[in-house]
Amino acid sequence: MIESSPAVQAAVQGQLGESMKSGSGKAFDRKNRLLFYNSTFKVVCICSAIFVCLILFSILIFMFRTGVLTFKTVPLTTFLFSTDWSPETETYGAFVFIFGTFALTALTLLFSVPLSVFVAVFLAEMAPKWLRNLLRPILDLLVGIPSVVYGFLGLTLLLPKLRDWAQVDLSDGILAGAIVLSIMILPTISRISDDSISAVPQKYRDASYALGATRFHTIVRVVLPSARSGILYAVILGMARAIGETMAIVMVIGNTPQLANALFKPTSVLTSNIVMQIPNVPFDSTWNYALYMMGFLLLFISLLMIVVIRLLQRKGASR
Amino acid sequence: MKTAAKAAATNAFSARSGSNRLKDKIFSLVVWGVSLVIVAIILGLLALILERGATHLSWDFITGLPSEIEEGGGIGPSLFNSFYMMILSLIVSIPFGMAAGIYLAEFAPDNKFIAFVRICVEGLASVPSLIFGLFGIALFVEMMGLGLTIIGGAVSLAFLNLPVLTRVTEEAIRAVSQEIKQASFSLGATHLQTIRKALIPSAISGIVTGISLVAGRAFGESAVIILTAGVTTSGVMWDFNLLSPGETLAVHLWYVQSEAIVPDAQLISQKAAAVLLIVVLAINFLFRIPLWVRERKLR
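Protein chains in written order, with this note's numbering: chain A, 201 to 519; chain B, 727 to 1025.
One should not assume that every hint holds.
To be verified - With the C-beta cut set under 7 Å, the calculated list includes, among others, these residues of chain A facing chain B:
#1 Phe-241
#2 Ile-261
#3 Thr-471
What the hints assert, rightly or not - Partner residues aside, some chain A positions facing chain B, computed with beta carbon under 10 Å:
#4 Ser-239
#5 Ala-327
#6 Lys-329
#7 Val-348
#8 Val-422
#9 Glu-445
#10 Thr-446
#11 Leu-459
#12 Leu-463
#13 Ile-478
#14 Leu-498
Treat the hints as calculated values from the structure; they're not laboratory data.
Just so you know, these numbers come straight off a predicted model, no measurement behind them.
All C-beta atoms, glycine included, are put in the ideal place defined by N, C-alpha and C.
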């Protein structure tokens, strides 16, 4: 029994009486209000989701509409297969840059994938627990380091080192670019691969050990094949990052439109060429349109990779 | 005869086991060696940046005005622009990104259209940052005729970060256990109340990690800024005008190193790199401190 003074009791009764008299009006208002907020919130959420899609589409349309104007004056075959990029004479062959992008990405993957898988295996299978708990957050932090910092390191440290080591006058080129990119995407690939290796059920390993396999055999024959699709996903993500990377590459690639047929030869890729030239080009010129077309190519390649990832995931799910 | 064969067999077996053991040893050694060397190299490089730059840092440099010709320029306006644009872009991207993520996690029916929306989000997340810069030029510089501005840069950055926020929010909210949600519903809460009072607080650690990720990315992004906000500042400190050109610290680092003609470019870029690195690492830490405190309390 709650003891309270008669005055308080009277007051409480008074309040109760008031609310009884006015029915459940207040509560009903509140219910309406909540339902209104609820449905408004849902609409806001839907609009935001559509907004995100809208951005992707307006980007696609913008890039395509501006880029396709190139072909009013430049034939498609010239754009794709000519190695002659000289805006002074209105010749826009982008093959040098397309080839450069692919060569650079391939070389980067050649360096970074084996090393990343080593790091991932180390983290998931071998490292003692304290080291693992220390290294995982560090690698996550490394993913967030701005690319321009890596570019700066490449410019001030790597290029002079490469010059001394290879005895060349100019060490700018795809080798320097690939080394910088490899260091950049290594944390990404190794952390995602690490997660997928850790997700392999322990019973697979137990079964393999029970058959008398060594740790080497278990990892190479059992664990890595089981984690294959996750590692592939990581590699594609790293690849997407390598293809789209701009500023780190600009600082070490040399920015000269010539074919990258040697490791030490100043060259240019799609991204670096766009960012170096576009600030100085009038918007309504074929030069600008050609740069936008190159941007559209980049966009197309990166969206293609998403499709590949999707297919991989579907395959992984059905297996 | 029989025993000899048996002995040979065991010998062969033991030899094989020996070679296997050797392979195993070598493999372990290689993995340990490669991993530790790589991590050491990367950390060493970052330590080198900090050591070279941070030792010369002074307050004058951090808040000082940049100089085009003479020695001793600072990074004040660029640093300010970096923070200003980061905050502006977060103001634009967090509401939209989180709302879209909540929609995908909570409201979206499981049909073809939503699958398509998901592909769009994923696709947008994979678009190279440079493309957002090109889009920003077309939208803000050409269509709206604003020129290179802070607002153009900030909104382009926000577009870049939107899909990341959407995905992070969606995943974090999906990871909340169904029981919490059902308990909230059975108390008579509306969907909005459930999301606000139950789902978001439970998912906050994932969401905040995502926000710190995009904040760091916005702070260090350079390609988008060069294209949409330019490589110059208005030249005064504390310029909140949304329409002035907005070179950020990351851009300044590149600009000083490759284009500027100041005699002490090397020193300026070393110090700028150190500041950039310190701030990005700090952003990643600071955003997570409240989470750690909270986890401590909950334990």
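Q: Return the status of the interface hint for Leu-459 of chain A: holds when the least beta-carbon distance to chain B is below 10 Å, violated otherwise.
A: violated, 22 Å
Q) Per the CB criterion, is Leu-463 of chain A less than 10 Å away from chain B? A) It is violated, given that the least Cβ distance between Leu-463 of chain A and chain B is near 20 Å, above 10 Å.
Q | Interface hint outcome for Val-422 of chain A [beta carbon to chain B under 10 Å] | A | Hint on Val-422 of chain A: violated, closest Cβ of chain B at ~14 Å, above 10 Å.
Q) Holds or violated: Ile-478 of chain A as interface residue toward chain B, Cβ cutoff 10 Å? A) holds, 6 Å
Q: Please verify that hint: Phe-241 of chain A, Cβ, nearest Cβ of chain B, below 7 Å or not.
A: holds, 5 Å
Q) Is the shortest C-beta separation between Lys-329 of chain A and chain B less than 10 Å? A) With Cβ-Cβ at 15 Å, over 10 Å, it is violated.
Q) Hint check: is the beta carbon of Ser-239 of chain A less than 10 Å from a beta carbon of chain B? A) OK, holds: Ser-239 of chain A within 10 Å of chain B, min 9 Å.
Q: Grab the minimum C-beta distance from Thr-446 of chain A to chain B and call the hint holds if it beats 10 Å, violated otherwise.
A: This interface hint holds because 4 Å falls under the 10 Å limit.
(Q) Quick check on Ala-327 of chain A please, does its C-beta sit within 10 Å of some C-beta on chain B? (A) Constraint on Ala-327 of chain A satisfied, holds at 8 Å.
(Q) Quick check on Thr-471 of chain A please, does its C-beta sit within 7 Å of some C-beta on chain B? (A) holds, 5 Å
Q. Given Leu-498 of chain A was flagged as interface, is its beta-carbon under 10 Å from a beta-carbon of chain B?
A. For Leu-498 of chain A, the interface hint holds, since the closest Cβ of chain B sits about 6 Å away, which is under 10 Å.
Q. Can the hint on Ile-261 of chain A be confirmed by a CB-to-CB distance to chain B that is less than 7 Å?
A. violated, 10 Å
In terms of the numbered hints stated before, the structure departs from hints 2, 6, 8, 11 and 12, listed from lowest to highest.
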